[in-house]
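Can you build the whole structure from these sequences, using the hints too?
From first to last, the protein sequence lines are chains A and B. If you want our numbering, it's the position in the first sequence, counting the first as 1, plus 709. If you want our numbering, it's the position in the second sequence, counting the first as 1, plus 709.
Calculated directly from the structure, the hints in this document are not laboratory data. These figures come from a predicted structure and were not determined experimentally. A couple of the hints might just be wrong.
Pulled a few chain B residues facing chain A out of the computed Cβ check, cut under 10 angstroms [to be verified]:
(1) H759
(2) V866
(3) S870
In silico lysine-lysine, DSS-like type, Cα no more than 27 angstroms apart, as pairs [to be verified]:
(4) B/K1128 <-> A/K716
(5) B/K1208 <-> B/K1236
(6) A/K1121 <-> B/K1128
Every residue, glycine too, gets a C-beta built ideally from N, C-alpha and C.
As a plain string of letters, each chain reads:
2 protein chains.
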Amino acid sequence: MDILNKKVGVLGGGQLGRMLFESAHRLNIDLTIVDPQTDSPAKQLSNQKHIDKDFKDREAIFELSKRVNVITAEIEHVDTKALTEIVERQMIQNEISKSNLRDGKEHYANHEDHTMVLPSPKTIQVIQDKYIQHKVLKEKGVKVAEFEYCQDYSNAVEIGSRFSYPLLLKARRNAYDGRGNVFVNSENELRDAWDKLSSNIIPSPDNSVEDSGIYAEKLVKFTKELAVIVVKGIDDQIICYPVVETVQSNNICNLVLAPAPVNGITCEKAEELACLAVKAITSVPNTISIELNNGEKKDIDVVSKCAGVFGVELFLLENGEIIVNEIAPRPHNSGHYTIEACDTSQYENHLRSILGLPLGSTKLKVNYAAMINILGLPTSVCGSTDGMGLIKSIVNDTLLVPGSTVHMYGKKEAKVARKMGHVTVVANSPVEMNRRIQAIMHIVSGENHLANNSEKISKILCGSDETVYRPYKPIPLVGIIMGSDSDLPVMKSAADQLKSFGVPFELTIVSAHRTPERMVEYAKTAKKRGLKVIIAGAGGAAHLPGMVAALTSLPVIGVPVKGRCLDGVDSLYSIVQMPRGIPVATVAINNADNAGLLAVRILGGTFDLYSDRMLGYLDKIRLEVEGKIEKLDSVGYENY
Amino acid sequence: MDILNKKVGVLGGGQLGRMLFESAHRLNIDLTIVDPQTDSPAKQLSNQKHIDKDFKDREAIFELSKRVNVITAEIEHVDTKALTEIVERQMIQNEISKSNLRDGKEHYANHEDHTMVLPSPKTIQVIQDKYIQHKVLKEKGVKVAEFEYCQDYSNAVEIGSRFSYPLLLKARRNAYDGRGNVFVNSENELRDAWDKLSSNIIPSPDNSVEDSGIYAEKLVKFTKELAVIVVKGIDDQIICYPVVETVQSNNICNLVLAPAPVNGITCEKAEELACLAVKAITSVPNTISIELNNGEKKDIDVVSKCAGVFGVELFLLENGEIIVNEIAPRPHNSGHYTIEACDTSQYENHLRSILGLPLGSTKLKVNYAAMINILGLPTSVCGSTDGMGLIKSIVNDTLLVPGSTVHMYGKKEAKVARKMGHVTVVANSPVEMNRRIQAIMHIVSGENHLANNSEKISKILCGSDETVYRPYKPIPLVGIIMGSDSDLPVMKSAADQLKSFGVPFELTIVSAHRTPERMVEYAKTAKKRGLKVIIAGAGGAAHLPGMVAALTSLPVIGVPVKGRCLDGVDSLYSIVQMPRGIPVATVAINNADNAGLLAVRILGGTFDLYSDRMLGYLDKIRLEVEGKIEKLDSVGYENY
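Below you can see the structure in the form of structure tokens.
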């Protein structure tokens, strides 16, 4: 059967379904939504007939299975029992028809013969129960915070004394956006926390087990929250998007930064861990035993195929370690930015993966991107305006920010903290990225509407560099290194220049002769960590710039530092006379200013802003000389 | 009235309407489509009620005007008479109610009081008649090919003898995708051409005028076809997207390259001309005289407001001049690429402009983008497959190309040459861009399907650099200059290195002392023309690198060329010892190889491919030395 003729059914018709529909339309893929709301965000995007029933409705799920070839979900709180039955029934049917074949030839069950459920019901089931999810991850060697199931309150007290406070009490199921998590500061608070959580526990779907529905988790001290969107192909291929930082407020993710402003080696570790986690969660065995018509017994693996997009939330701990917080078996809020910023969006890749199409490139196609949620605001912020009026005013203001794309979800009412839409904003340079984030954060907070001050937005957008790097600190683009602190008086002018151009940089001591291994490490990791240029200063034998250049593919700028003899010519020759194959961009003796300026010119090729600022700088120094000419003319050379 | 509450009506429901709908959904803007096909490409994207009538149907247009606040069109062949009536009627109504006001206060007609038609009916009318369109452009000083209206055949003969052959005979109205244009090689062919064209002429809407419907156009020799998408705001703001090259085949645009591989100064001229053309075409006066109830006569300007997106097609002539070919008053095929490649898509900007919202940034957010149409193919190519089957196979194969996004239009039948969809492909480097274009052109031609050879695609994608720059030649990224041809033997190694890394470059002679003005011109235009790095070689007093650096914001790499005396130390000092403010990245004496390699390292910051290739190069030179070590070990130093 032609892949692009396959029909897809989606459980849930919210904003994720809506964005999935955008991708489906572009590929002419037929999508059927199951959602009780006839005008749900996803359904607004098509003139087809959908199923207007609850996506947990057993009958609706079976109806859907008759209409489509693949069932997927845009929410994890689905009826996995019904989904499992669909898969099992059809696999049994396949086996029986196989065993009934008269010609004796084996008829391999084709995955296209039955309605597939992707990700597999088993994987969704494991993820639904966060306790089981963490257990599976831990068993497969994926680092998670320490956790333990609480049979009852007294068990929780005992675990509390072992874990020490503060700790987290968590509901195993139906928890999202912070709901179902209680922060417990001390044993005194445990009783209340337990009762609060218990009263909202929905009994386990498997009623035979006595289950408190609660587990305890040790509090981890993290410095940042990260997230990775992982794509699992139907053929075991696993790829992932760049790691992002997610900044939460009141348990709702409200700012996503791509790429995460974290050094590239940490990013690599985070991406590896996320892929490992998805591999673990999608390979939980699920075998059923059936008896065929001929009496033969047979084990069938019902989850050998699992595919889809997964959102993996991570914690970056103080010690640099990364652990998994939790996984969502669907496109994720932290991956909205991929629509504008990556080669292929998470939504298209979800469709590609569940349909067995080639997976799309996950590369960032822009330098910087951020995503900010537009939430319903409380009446204290709305003022006299109604909720929707305020949201519209926010959308209007957001259009003033260059590089921004607004996605409204078509929801009719703006309840407090409800996700009404989001903005993705892209930027070419870290300075612009930061200003644009500041402007949008200001707008979505509703403050701008209250102040009724549109000048404020342009003020932020043209803001001085002093306000730069307030919400986020980008990673350094230039590394300034020198052999000794005695070179600092010369080398600091490079730093001053970079600062004045708004270029993020790092400065440290790396000596070719006294810390050779540190030098190798520094040079070899420089590119991965995110550096684009290295400025190296050295005097005398001056090996540092050339040795660093030999160990990296980055451009290295060498500053010959003048020593006690030979007027710096020794340093100059050592740095500039590199052998064929390894260039060092050498500047004048002791002229670290020029090294900084050369770095800005180099960065100008990638980041337009620095190139523009360099033009401004050339103008400035021309005007300085013109000022001197004027003075010379007016006072005369004798009095100058 | 809140802008985001305004309703928009669209005449036509094809692919342009479909893509307009994508943008409308994201902003929660209500769109009503007028199209006879109930399941037209645009209508498939919404669960709202549309008007299932022909978009030229007078009644349908009046019905629409009652339902929406702004009417726009996704096709220019609309009933401008009906549209004009809507605008006129309502403006007259406004004037009358104003003059009837009892309190004597003037009540300014608010543009929100009536249904606006944007772009204005007058502008659409002018564009519909290509002869009038060209006349208006010419009158406003916008360069177009020489043209003249043909009253009848004998007039055409006379014009032909003046214009000389070959020339073009063109239908004034209802021409698109090459239909309505006839190429006439000589007077012998004129009769047939005239008859062919005449038989298809639709009479002028204004029947009072005797009109042949035909005009003649002098054939211009162009080297490239360019296009610019211009956005005209309701407040006279005019902005435009970067100029693109459009490559046509059989009169249908089938490849769009963004940015146009043309030097930046030409691009600037093209963009200026396009904006001027739109300004001309949107400011044709259209005043009506009415008599108010109180007997007062009044002139009302009915087209003072015109807004929307315009596609301007241009010719780049052999002499470097640029002229306008024609204008479309709507989003344009040459602007599809903006969805993936620019800060704001042409579709969103069309909505923003007609609704009076702030216009979005038109900047390219990726390094390179291309758009390729997916057309219905003739049965000779389809082979045994049906048309739609082949299209699906093409879509499937296209997903193998990284950076590609497919847009299918939801058309049910694949007629020959019908626009079924398009692919936008983005790339980081010119090498990747070129390979991806080659792969997609191969796929959409149907050849790959016929050959049933998926290996061919990966072969193209990893192709050797020899096949690079076949469909398009990117503009140079590096400029190599030297003071004299005597420097060439040294400087050519820089060129060789760039070639081996696949970096597009230019090489020429620029002398600081013998061609000082050429040097100033070269340096000052370098960035605009598209260069990212300049390599300058010079000997002796060696002023070239430093002087060039003083005249550009680009990084300049200086190569000290060894002269007859002083061993090149004179050149080295002249180049490296630049004053504070103007750096030159100096490499070793005579080491132009290293200059080339440094340029590659610098470009690696913007184009990942060059950075990857630099890592490969470092590996290669390491292995070369290891080979020598092995040889030394095996043959001994005496025999080496």
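Evaluated hints:
| no. | hint | in the structure |
| --- | --- | --- |
| 1 | H759 | holds, 9 angstroms |
| 2 | V866 | violated, 51 angstroms |
| 3 | S870 | violated, 53 angstroms |
| 4 | B/K1128 <-> A/K716 | holds, 24 angstroms |
| 5 | B/K1208 <-> B/K1236 | holds, 21 angstroms |
| 6 | A/K1121 <-> B/K1128 | violated, 36 angstroms |
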